[in-house]
Amino acid sequence: MGSNVVEATEITKRYGETLALDGVSLSVRRGSVYGLVGPNGAGKTTLLGVLAGLRTPTEGSFTVDASRVAVLPDTPKFDPWMKAREVVDLSLSLVLPGSDPSAVDAILDRTGLLKVAHRRVGGFSRGMLQRLGLAAAVVGNPELLLLDEPAAALDPAGRREVLNMVNDLRGESTVVFSSHILDDVEEVCDEIGILNGGRIVYEGTLEELVRGSSRLPSYRVRVRGNGDQVVDALRVCDWVTDVSGGGDTVIVSAGSAAVIERELVRCLARIDIGVVSVAPLERSLEDVFLEVTR
Amino acid sequence: MSLWRLEILRLFRTHRLWILLAVFTSFGVLGPLTARFLPEIVAAFGGGIEISVPPPSPELAMAGYLGNALQIGILAVAFVAAAALAFDAKPEMAVYLRTRATIQRILTPRYTVNMVAAIASFVIGTAVAYVGTAVLIDAPRLGGTLVASMLLAVYLAFVVALTGLAASFVRSVTGAALISVGALIVFGIIGLIPQADQWLPSNLVGSFDALIAGGEFAYGRSLLSTIILSMGSIAASFVLMGRRET
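First to last, the sequence lines map onto chains A and B. For what it's worth, my numbering labels the leading residue of the first sequence as 6, then goes sequentially. For what it's worth, my numbering labels the leading residue of the second sequence as 349, then goes sequentially.
Be a bit skeptical, because a hint or two may be false.
What the hints assert, rightly or not - Derived pair list, reagent style DSSO-like, types lysine-lysine, alpha-carbon separation capped at 30 Å: (1) Lys-82/A with Lys-438/B; (2) Lys-438/B with Lys-120/A; (3) Lys-88/A with Lys-120/A; (4) Lys-438/B with Lys-88/A; (5) Lys-120/A with Lys-82/A.
To be verified - If you want the footprint, here are the derived chain A segments under chain B, 3+ residues with CB under 8 Å: (6) 34-44; (7) 79-89; (8) 178-184.
As the list claims (entries may be wrong) - Facing chain A, a subset of chain B residues (Cβ under 7 Å, in silico): (9) Met-349; (10) Arg-361; (11) Met-441; (12) Val-443; (13) Arg-448; (14) Ala-449; (15) Thr-450; (16) Gln-452; (17) Thr-456; (18) Asp-486; (19) Arg-592; (20) Glu-593.
If you're looking for bench data, these hints aren't it; they were derived computationally from the structure. None of the values given here were measured: they were computed from a predicted structure. Glycine residues also receive a C-beta, built at the ideal position from the N, C-alpha and C atoms.
Bound conformation, chain A alone (with noise of 0.2 Å):
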């Protein structure tokens, strides 16, 4: 195990006739916040669930090792008729018995529901649900957090206050993070995980694979004046793979960066037009993502 709090291999959850996992195998390094990235029905709630205990995986095997594990439902609901603050001291006498009970408050506070910890949580939003399950799962210091969709619910405000934590968990926890919002998987995430159909189609850093993936790499080139010069100058090139644009801006492709980034400038640098910049195609993780789950 070592360094890997969770290792998992060939995981296979099937329910009746449906294939949920099918031969999932991951690993996730302590301390690390790892993203679960995945379309509706991927299988990345199972995936959780097996991780947390609360399924038995139909074939396969996994080893966490973490004592202290939380979970975080992706819509957290509790007894309606419980207070904020014995929902969150609950889970502390639960999971560290004894522990100092200014915790409890102090998490509150972090969360932002101190002012509501007297209210029963009947009344309370998705969204502070959200809140008390994440602090209700922090209180206990969980070696491994297991967070599924933690900002889905959230205002803006609220997603931005997650998503400090989560960055404030990374040393001191390992969280797994699922997401439907690749912008925060991206901002919080040392490494993802993408789940299709119950497989694991791609694990590793956002670096890799918004270098490897199957797309070549890209240059756009904003020119003043008509672009359609340059994609005629540009599609000449043997070294240019693919072409296209016109008005000011041109995009540019070819079999390594390393070529473009030799022979771009040279080429523009004949053609009689003026360049106002030019820079690699950033890819988001939203298009390696719809390009891997294709």
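Given chain A, work out where chain B should sit, using these hints.
Showing chain B alone in chain A's frame:
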């Protein structure tokens, strides 16, 4: 905050304790009143038709109390217990609990607090019926009442245990309560077989009238089987709910 306090709060804040108390206590009041004034009630509403009713007696009053209190009371006990024991009915709350405590740690306070609440409500209802009967008619046999109450308390604990077992087969609160009540009815039907009756929990229900009327204690076998079935139901629910996926 502990899981024990959680269960006590559940009973108070959901008003379920008051429901249990209201059921048993109201019949504790009505049983002696009805028995004492039955001739007058029948005369007032009989429409001139002469209906013969037995004279008021402590046995009649206590039997009237128990007959009504147990019918509604068992339903109430089953639903109140199911609301606590079928905790997988709310998967998100189940995740909260199951990732923090073992199934034994979760269920033990739920069984205990619900059994105590059911028995306490029944005992209070019986005490009210006893005092009411003593004031309005005559004091029922104290020894018989105490022994019969003890047997019925064991039976109510069995109802809670059976509801817990039912909750390990279905996730819904209503489903668990109805399965439990249905199983009690089946026990009652099997109890129609004379040889089987003495071994069945349902036999304890009949002990109340008989012991208050001065009958002999002949419930050792059904008491033993009820205790064994209760413990077995609880143990089985630990295993079954422990295996259940959330």
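Hints versus structure:
1. Lys-82/A with Lys-438/B: holds (8 Å)
2. Lys-438/B with Lys-120/A: With a Cα-Cα distance of about 27 Å, the restraint between Lys-438/B and Lys-120/A holds, given a limit of 30 Å.
3. Lys-88/A with Lys-120/A: holds (12 Å)
4. Lys-438/B with Lys-88/A: Between Lys-438/B and Lys-88/A the Cα gap is close to 17 Å, so the pair holds against 30 Å.
5. Lys-120/A with Lys-82/A: holds (19 Å)
6. 34-44: violated (count 0)
7. 79-89: holds (count 7)
8. 178-184: violated (count 0)
9. Met-349: holds (4 Å)
10. Arg-361: holds (4 Å)
11. Met-441: Result: holds, 6 Å to nearest chain A Cβ.
12. Val-443: holds (5 Å)
13. Arg-448: holds (4 Å)
14. Ala-449: At 5 Å from the nearest chain A Cβ, Ala-449/B passes the 7 Å test, so the hint holds.
15. Thr-450: With a minimum Cβ separation of about 10 Å from chain A (threshold 7 Å), the hint on Thr-450/B is violated.
16. Gln-452: With a minimum Cβ separation of about 13 Å from chain A (threshold 7 Å), the hint on Gln-452/B is violated.
17. Thr-456: Cβ of Thr-456/B sits 14 Å from chain A, so the hint is violated.
18. Asp-486: violated (44 Å)
19. Arg-592: Violated. Min distance 9 Å.
20. Glu-593: Since the shortest Cβ distance to chain A is 5 Å, the answer is holds.
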